[in-house]
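Spelled out from the first residue to the last, the chains are:
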Amino acid sequence: MTRQRPNYVAGLGSLVWLGLVGLPLYVLLLATVRTRADYSTEGPLSLPAEWTVQNYLTDLSNGFGQDFLNTLAVTAAVVAIVLLVVPPLAYAIVRARGRATGWVFRLFLLGLAIPAQAVIVPMFYLISKAGLYDHLIGVILPTAAFCLPVCTLVLTGAMRDISPELYEAMAMDGASPARVFRQLVLPLSKGGLSSIVVFAALQAWNGFLFPLILTQSDSTKVVTLGLYEFQTEHGVDVPGLLSAVVLSTLPVFVVYLFARRALVQGLTGVGGK
Amino acid sequence: MTSVPKSGAGVIRPGFVWAAPAALFFLLFAIVPLLLVAVLSFTHWDGISEPRFNGLDNWTALVHDPVMIQSVWITLLLTVLGVATQTPVSILLGVWAAGHQRNRAVLSAIYFVPLLLSATAVSLVWRAVLDPNFGVPSQLTWLFGDGNLLGSQSGAIAVLTFVGVWQFTPLHALIYQGGARAIPQVLYQAAAIDGAGTVRQFFHITLPQLRNTVITSTVLMVAGGLTTFDTVLILTQGGPGTDTTVSAFHMYQKAFKSFDFGAGSAIALVLVVIATLISLAVVRLSGYDRMRGTTEGL
Amino acid sequence: MGSRFTAIAAATVLVLGMTAACGSGGSSSDAGSGTIRVMVYGDATNKVEKQIVETFNKTSKVKVVLDTVPGADYQQKLQTVINTPQAPDVFFNWGGGSIQPFVKADLLLPLDDFIAQDPGLKSNFLPSVFNSAVVDGKPYGVPMRGTQPVLLFHNKKVLADAGLTPPKTWDELVAAAKALKAKGVTPIALGGADRWPTLMWFEYLYDRIAGPGLFQRAVGGDQSAWAGEDSRRALSTLRELVDTGAFGSNFDSVKFTDGGSPALVAKGKAAFELMGSWYYSTQQDGNPEFAKSGLGYTGFPTVNGGKGDPADVVGNTNNFYSVVKKTKHPEAAAAFLKLMYSEEFVKAQLAVGNLPTTVNTGDFLDTSASPAYSKYQYELVKAAPSFQLSWDQAYPPSASTPLQTAVQQFFDGKLDADGFIKAMQALPGS
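Residue numbers (the numbering used here), protein chains in the order written: chain V, 129 to 401; chain P, 405 to 702; chain Y, 302 to 731.
Okay, chain V solo, but in the shape it has when bound:
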C-alpha cells in the first residue's frame, strides 16, 4: 500500500504549512499563560517572563461558564433534532419510490447552498413575531434547519451502501418499514450517523450569525458571541480574550482527539465525492 518514493514537493509544502499553522497557535497558547503587561511589553513571540493561569480563571469567573452551558444546550438540542428527523428522511429517500420523496430530496439539494446570511432578515422577522427572540430555542431551530441538507446528503450516501439483498431478505420475512429501519438501516449506517452528529454538533458549537442576530442577553449568550463581545464587556485584555478562545475550542479538541475519524467524516461529508 505504501508508495515507494517520497513526495518531496508535497513534503516541502507540508513543512511550510506547519509553520503557518504553528505560528498563530504558538502566539495563541503563549498569550494565554502570560500577564497583560507582559504581552504588551515583551511582544507575542517572546517567551513569557512569568507563567500564569490567571487568564483562564478570570474568564471562568466572568460568566464564560454560563456561555458554555448555553452552547452545550444549543448543541445538544440541534443534534437531537437532526437525529430525530434526518434518519427517517434519508431512509425514505433511499427506499421510497414516491414522487414526493424525490421532490424533497431535490429541495434539500437546493438548500445545500442557501447561505444563512441570505435568510437572516426574514428569520429575525419570524422569530421575533413568534416571541422566540432572545430564547435559545430561537437559535436552535434555524441552526438545526441549516444542518439538514448536508446531514441528509451524508446519511443517504451511507444508507445507499447497504446492499439491496438485505432489504429483500427482511421483506421476505414480512418486516414493516419501521422494523427494517430499526433492525437493518440504523445499525448498518452507524458511520454515517456519527458523521452527522459530529457535523451538526460542530455547526451548533461554532455557530455565530444566528446567535448574533437572534439573542441579546447574558443569559442566552453562546461562546462565539461571548468571544465577539469580550472586549466591550471586560475591557481591553488580549490574553484574557485568547484564553477564552482556547476555552471555547477545548471541547471540540477533545472530540477531535478521541473521535478523529467521525469528526473528519462529518466535516468532509459535504465535500466527499
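Treat the hints with care, as some may be off.
[Unchecked claim] DSSO-like cross-link-like pairs, simulated, lysine-lysine; straight-line CA separation at most 27 Å:
id: 1; chain 1: Y; residue 1: K570; chain 2: P; residue 2: K661
id: 2; chain 1: P; residue 1: K661; chain 2: Y; residue 2: K715
id: 3; chain 1: V; residue 1: K257; chain 2: Y; residue 2: K626
id: 4; chain 1: Y; residue 1: K439; chain 2: Y; residue 2: K570
id: 5; chain 1: P; residue 1: K661; chain 2: Y; residue 2: K639
id: 6; chain 1: Y; residue 1: K469; chain 2: Y; residue 2: K362
id: 7; chain 1: Y; residue 1: K405; chain 2: V; residue 2: K257
id: 8; chain 1: P; residue 1: K661; chain 2: Y; residue 2: K484
[Unchecked claim] Computed Cβ-Cβ distance ranges for the label pairs, DEER-style:
id: 9; chain 1: P; residue 1: V510; chain 2: Y; residue 2: D717; range: 53 to 59 Å
id: 10; chain 1: Y; residue 1: K626; chain 2: P; residue 2: T464; range: 32 to 38 Å
id: 11; chain 1: Y; residue 1: D523; chain 2: P; residue 2: L460; range: 27 to 33 Å
id: 12; chain 1: Y; residue 1: K405; chain 2: P; residue 2: T464; range: 22 to 28 Å
I should point out that these hints are in silico values taken from the structure, not numbers from a laboratory.
Ideal placement from N, C-alpha and C gives every residue a C-beta, glycine not left out.
Since the structure of chain V is already known, use the hints to place chains P and Y on it.
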C-alpha cells in the same frame, strides 16, 4: 399527503410520512424565510413599525448603490483569490496526507487544528496576531514594515485571503486526501516501471485523477467565498472605508446597522440567486443527483 | 398568491409560537405584573446601575429588573426589541438621533408630565446636557451616567523630551507634530480602525472654525451647510495635518477599543491622542503607572480666525434613560428616574470615575476617584457655551455607517473635500 406505505413489486417501502417531519421542518425554517426575503425586498421596514410595501424602491436604490456594485466586485475578487490560493495548497497537503507513514498521521493531526476553531475564534486570533503595535509585525518589522495591514485595501484583502487559506485549507486538504487515496496504486506502479519521477507522476496521474475532486472542492470554495461574513465583520469591519465590504457584510450593515431591512433583503435575494446557481452547479458537476454514495473513499 | 403566502407565514408563526410556549430560557420572558424592566448598555460600569436598582427595590412595590445588553450592538438590539412584547419599560440611550426614530414612531413617553409633578427632574441637571435628549421640543430622557467631553490627551514625558508644551493653538499643534515626527515619535495616536475616533477630529475642527451652528443646520436638514466656505476650510486644515504625517502611516490598522492606540501613548511611542474623558480610566486600567504620573490633558486648541468659541466642547453629553409609552407603571418609572439626581447616585458615579451632570455634582467632586481630573472636566462642561453631541449620535442610527465610512476615507485620501461634502449631504437626515 398520503401516509400509507406504498408497496411495489412485493417489497414494502417507506411512505412519504417518513420524509415529512424533516421536509416540514426545513420548509418552515429555510424555505419560508427564503420566500419571505423576496417579499421583504419590496417593502420598507425599519424594525420598529410593520413592513410596508414600497414597490421597486429598494431595487432601484440597489442598482444605483455604488457600495453594492463595489461589494459584488470585492466578493468576486476574494472568491477568485480564495480558490487560487487554497486549491494548490490543499492539493499538495491532501496528497501528502494521503500517504500512510506514521509521522504523517501525527503531523496531520496538528495540521488540521484550524478546522476546529470557529470563524469567530480564527478572526480574533489573527486580529491579535497581526496587530501592528502589539502583534507579530512589531517584532518582525523587516517583514511587515509599519504593519499597516488592515489599513490599506491591498493589505486588508491580502489578510482576508490569507486567513481564508489558514481557515479552509484543512477542510479541502481532507477532501483531496480522500480523492488521492481512491486513486488506484497500479497507475503509479505502472508509471514507476516506465521510469516516471514523482513530479511527473503527480502531473500525469494524481492531478488528472483528482479532476472530480477539484470540481467539488472548487464549488465549495466558491460557495464559501461568496458568503464571507464573520471574518470581515471581526477583522476589517468592511474597511478601510468600504474597501472590503463584501455583499454579505453590506447586507448586514444595511439591515442591522442602518435598519433598512427592505434594502438588506434585496441584497440577500441577490445572494440567494447566486447561491442557487451554484447549488445547481454542484448538483450538475458533482453527480449528487445521480445519488452516489458520499462517504466512500474517506 | 399573496394570501397563500400570508397563510404559510402565519402558519409558521403559529408553530413557532407553540414551540415558544414550551420553550425555556431567555431573560426576556414576560415581565409579569409589578415589575418594570430597565435595559442598559452592558460594560464595566454597570455596578452603579445595579446599586441604584437595589436601592429603588428596597422601598418600591413595583420592582425594577435590570437587563444589561453587552456589546457594541446595543443600538441594534434596542431597535429590534423596542416595538415587540419584549420591549423594556426604561432604556439607556445617547439622546439626540439615537431616540429620534422611536419618537417618530410614537413609542416614547414625553417626560412633560413627570416634570410637571417633579420639576426637579429637569432643574437638577445641567441644561446643555439635559437638552440633548429633547426631540421636537419635548424632553424624552433623564441623564443617567456621566458626561464625556472629548479632550486632547498627551504623554507629559514625550512632550518634555522634545522641549514642547501642550499646544494652545492649532498652529502650535502642527508645529509640535512636525517636531515630534522629526524625533521619530508618532505625533498623534489614532485608532482609525474604529472610525469614531477619527470623527472626533472633524467634530472639533468644524466647531472651532465654523462654530456650532454649521452642524446644527446640517443635521436639521440644510445640506448647503456642508458646501460652505467654513466647511471647506475645516477640511483643508484637517487635510494638512494628515498630510504632515501627524497620525503616522498605519492608523487605520490601529484600534482604540483593543487598547492599541492608548498603549502607544502610554509607552511613549506617540505623544497625543484625542479621546473622550473615559480615556483616563482606560489608561488607569491598562497602564496604571502612566495614568498616575505621565498623562496630561487639555482642551482642543483654538484655531486662528475661527468662529467657534474656544470653550466649546464636543463629545457624549451624557447617557439617558427614556421611558417607553406602553409601560404599565409610569409612576414607578418616574420614581426610578428621580434617583438619577440623588446624592447616592452622584457619589456612586464619581466613585467609578464617571462625572454626573447634576447641578449638585460640584459639591461632591472631592469624593471622586481623581478629584483634579473630575473638577477640570466639570468646569469645562459647565462653562461650555456649546456642547456638541457626537455627530454619529446626533444623526439617526441609519446615518452612522456612511458617516464613519466617509470620515475614514477622507483621512485615507480616498475622498477629497468635494467627495466628503457630497457624502455628508447624502446622509439620511431627520
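Quiz item: Does 27 to 33 Å hold as the CB distance between Y:D523 and P:L460, or does it fail?
Solution: The hinted range 27 to 33 Å holds for Y:D523 and P:L460, with Cβ atoms some 30 Å apart.
Quiz item: Can the restraint linking Y:K570 and P:K661 be considered satisfied, given a maximum Cα separation of 27 Å?
Solution: Given pair Y:K570, P:K661 is violated - Cα atoms ~35 Å apart, limit 27 Å.
Quiz prompt | Straight-line alpha-carbon gap Y:K439 to Y:K570, limit 27 Å | solution = 47 Å, violated
Quiz item: Is 22 to 28 Å a correct range for the gap between the Cβ atoms of Y:K405 and P:T464?
Solution: 24 Å, holds
Practice problem: Compare the distance between the alpha carbons of P:K661 and Y:K715 with 27 Å, and conclude whether the hinted pair is satisfied. | Solution: 23 Å, holds
Quiz item: If you draw a straight line from the CA of Y:K469 to the CA of Y:K362, is it 27 Å or shorter?
Solution: 54 Å, violated
Self-check item: 27 Å limit on alpha-carbon distance, applied to hinted pair V:K257 and Y:K626
Solution: Since the Cα atoms of V:K257 and Y:K626 sit roughly 20 Å apart, the hinted pair holds (cutoff 27 Å).
Exercise. Go ahead and decide if the range 53 to 59 Å is satisfied by the Cβ distance of P:V510 to Y:D717.
Key: Hint holds: Cβ distance 57 Å, inside 53 to 59 Å.
Quiz item: Is 32 to 38 Å right for how far apart the beta carbons of Y:K626 and P:T464 are?
Solution: 35 Å, holds
Exercise. For the pair supplied as a hint, P:K661 and Y:K639, confirm whether the alpha-carbon distance does not exceed 27 Å.
Key: 33 Å, violated
Quiz item: Under the criterion that the straight-line Cα-Cα distance not exceed 27 Å, is the pair Y:K405, V:K257 satisfied?
Solution: Holds. Y:K405 to V:K257 sits at ~22 Å (cutoff 27 Å).
Quiz item: Between P:K661 and Y:K484, is the straight-line Cα distance small enough, at 27 Å or below?
Solution: 42 Å, violated
In terms of the numbered hints stated before, the structure departs from hints 1, 4, 5, 6 and 8, listed from lowest to highest.
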